[in-house]
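S.K.: Letter by letter, the chains look like this.
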Amino acid sequence: LKDGTPSTANSAIFLERQQRRSIGAIGMVFAQWGVMTRRDPAASPTDAVGSSPPSRVISSRRSESGDDSTTAASQLDQAMNRYADGDEGAFAELFLGLGPRLRGFLRRLSGSADVADDLLQETFLRLHAARGGFARGRPVLPWAYAIARNCYVSRARSARVRLEQAATGEAALEKAAGPGTQEQEGIARQMAEAVDRALQGMTAARREAFVMLRYEGLSVAMAAQIAGVSEGALKIRAFHAYEIIRAALAEQAAPQTPAPENAGSSSNDGRTAAYGL
Amino acid sequence: VIVAHFPSFDHVPDPLGQASQEPPRGLPAALGTPPPNRTEARRRRQAAVLLSLGWFASHLVVSGVRYDLWTLTAGYAVSQIGVPLVLALGCLYVALRPGQWGLGSSTASVVALALGGPLSFGLIALTSRALPATGADAHPWLGVLLCSDLMLAWMSTPLFAAAFALRRAFAAGAVWRSALVGSSVGLASAVTVNLHCDISDAFHLVMGHAVPVAAASAFAAAVVTRWLRA
Numbered sequence: 001l002k003d004g005t006p007s008t009a010n011s012a013i014f015l016e017r018q019q020r021r022s023i024g025a026i027g028m029v030f031a032q033w034g035v036m037t038r039r040d041p042a043a044s045p046t047d048a049v050g051s052s053p054p055s056r057v058i059s060s061r062r063s064e065s066g067d068d069s070t071t072a073a074s075q076l077d078q079a080m081n082r083y084a085d086g087d088e089g090a091f092a093e094l095f096l097g098l099g100p101r102l103r104g105f106l107r108r109l110s111g112s113a114d115v116a117d118d119l120l121q122e123t124f125l126r127l128h129a130a131r132g133g134f135a136r137g138r139p140v141l142p143w144a145y146a147i148a149r150n151c152y153v154s155r156a157r158s159a160r161v162r163l164e165q166a167a168t169g170e171a172a173l174e175k176a177a178g179p180g181t182q183e184q185e186g187i188a189r190q191m192a193e194a195v196d197r198a199l200q201g202m203t204a205a206r207r208e209a210f211v212m213l214r215y216e217g218l219s220v221a222m223a224a225q226i227a228g229v230s231e232g233a234l235k236i237r238a239f240h241a242y243e244i245i246r247a248a249l250a251e252q253a254a255p256q257t258p259a260p261e262n263a264g265s266s267s268n269d270g271r272t273a274a275y276g277l
Numbered sequence: 001v002i003v004a005h006f007p008s009f010d011h012v013p014d015p016l017g018q019a020s021q022e023p024p025r026g027l028p029a030a031l032g033t034p035p036p037n038r039t040e041a042r043r044r045r046q047a048a049v050l051l052s053l054g055w056f057a058s059h060l061v062v063s064g065v066r067y068d069l070w071t072l073t074a075g076y077a078v079s080q081i082g083v084p085l086v087l088a089l090g091c092l093y094v095a096l097r098p099g100q101w102g103l104g105s106s107t108a109s110v111v112a113l114a115l116g117g118p119l120s121f122g123l124i125a126l127t128s129r130a131l132p133a134t135g136a137d138a139h140p141w142l143g144v145l146l147c148s149d150l151m152l153a154w155m156s157t158p159l160f161a162a163a164f165a166l167r168r169a170f171a172a173g174a175v176w177r178s179a180l181v182g183s184s185v186g187l188a189s190a191v192t193v194n195l196h197c198d199i200s201d202a203f204h205l206v207m208g209h210a211v212p213v214a215a216a217s218a219f220a221a222a223v224v225t226r227w228l229r230a
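Going line by line, the protein sequences match chains H and B.
Quick note: the first sequence, position 158, residue 158 per this note's numbering, numbers continuous.
Quick note: the second sequence, position 174, residue 174 per this note's numbering, numbers continuous.
In short, the hints are calculated from the structure, not lab data.
Yeah, the Cβ is synthetic: ideal placement off N, Cα and C, and Gly gets one too.
A portion of the hints provided could be inaccurate.
Partner residues are not named here, just some residues of chain H that face chain B (Cβ under 7 angstroms, in silico) [what the hints assert, rightly or not]: (1) G86; (2) R126; (3) N150; (4) A192; (5) R214; (6) G217; (7) I226.
Take the sequences, apply the hints, and build the full model.
M.R.: Now the structure itself:
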């Protein structure tokens, strides 16, 4: 899992570990999955399904329209209900619907695309094994987030990973360039990098609280339930994370703005001066 | 102040942006041996409950019911048999309740009951008065150890059954919900031992009956949760 190691190699390590644990046939399924992706990395998810493609393709992007996202969520809930009742074919639908979102969540938590890919595999492995415990009529997304978080926490708690992080540091994230001029893109990239550094530098509890609220768009009550803490505790964690990010953004913006006339005013061009903080 | 005036974070940029929306690699070609589906999981839970009840009942039958069962005062019967029975059922209900999002009851209620269940049983035992028929116990620690051993032995099979039937059942709050399951098993064991043991002084009830309940809860939170976490 060191920096620069190809993600397929990470997957192979993970899969070998799963096989050693003798999880059973599902471990072999994921092993086949790894072999398949190594053989043809460019293969589309639908191609990899083989003879059992999903009955409905759910958009992997969060829709701009509230109705569309509600419909997609409802379809995922129904798919999970069918899967919990024993319909094996619903797994592909769940994977397509939940995969991108969980992967983004795990990437934000771990700070590494390779680690996120490994954790995503483990998340779906656990989701598969725990399907009998999924409550009928409940939304699948919080449940899946909770399982993904468990995977991340398990990894973060291992002493090996702590040593690894201390020795090498986490890999830098890929930055998404938004539309605009080169100068705007550069500023946006620098701001994003500052946020990224701040996120990776804070405690896991604060990071997950902020990620769930800000980037995953979960409600405070739902995020608190997923994290297994009270709403007040989660708010405090998120607030502390926000303070760290605010300081990082202010530090980033300071050299780019002229010296303020008023010494008491903030130098972060108003983005973080809001809310009276 | 933070909780009351919680800010919005919308102005914080997203380092990943569209990169976080990339689809993951591949899909499993096929699913292997299927894990238990919902129907089978429900059957396992019912079997675990029946096994546990049968386990407690059989040991009670073999060990014998206390000789003064039918002469117990109403207050003693309620505090030592009725209350732990209700607490055991309540703990199990709250632990298994799916809640609004399928992640269980609210964290506050789960924590409150996980701590309050064994604690309230201990406090009730601490404040209970010995029955008039109870004579002075020449070897109090012997009775304490005997009842503790009995309770711990009686709890083992139900805890094992719970670990099997509820495997990967708790996606969130697994530690506290596992503690609730342990409390439920411990309190059910306390009901059984109170139907068997005729020693009624507070020291024995606390050390011999209530402490093992707390031990069961702690054991479930520390160990059984490894199986119950999804």
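S.K.: Each hint needs a verdict: does it hold in this structure or not?
M.R.: Evaluation of the provided hints:
1. G86: 4 angstroms, holds
2. R126: Holds. Min distance 6 angstroms.
3. N150: 6 angstroms, holds
4. A192: Hint holds; H:A192 Cβ to chain B Cβ min 4 angstroms, cut 7 angstroms.
5. R214: Hint holds; H:R214 Cβ to chain B Cβ min 4 angstroms, cut 7 angstroms.
6. G217: Hint violated; H:G217 Cβ to chain B Cβ min 10 angstroms, cut 7 angstroms.
7. I226: Holds, about 5 angstroms.
Hint 6 from the earlier list is the only one contradicted by this structure; the remaining hints agree with it.
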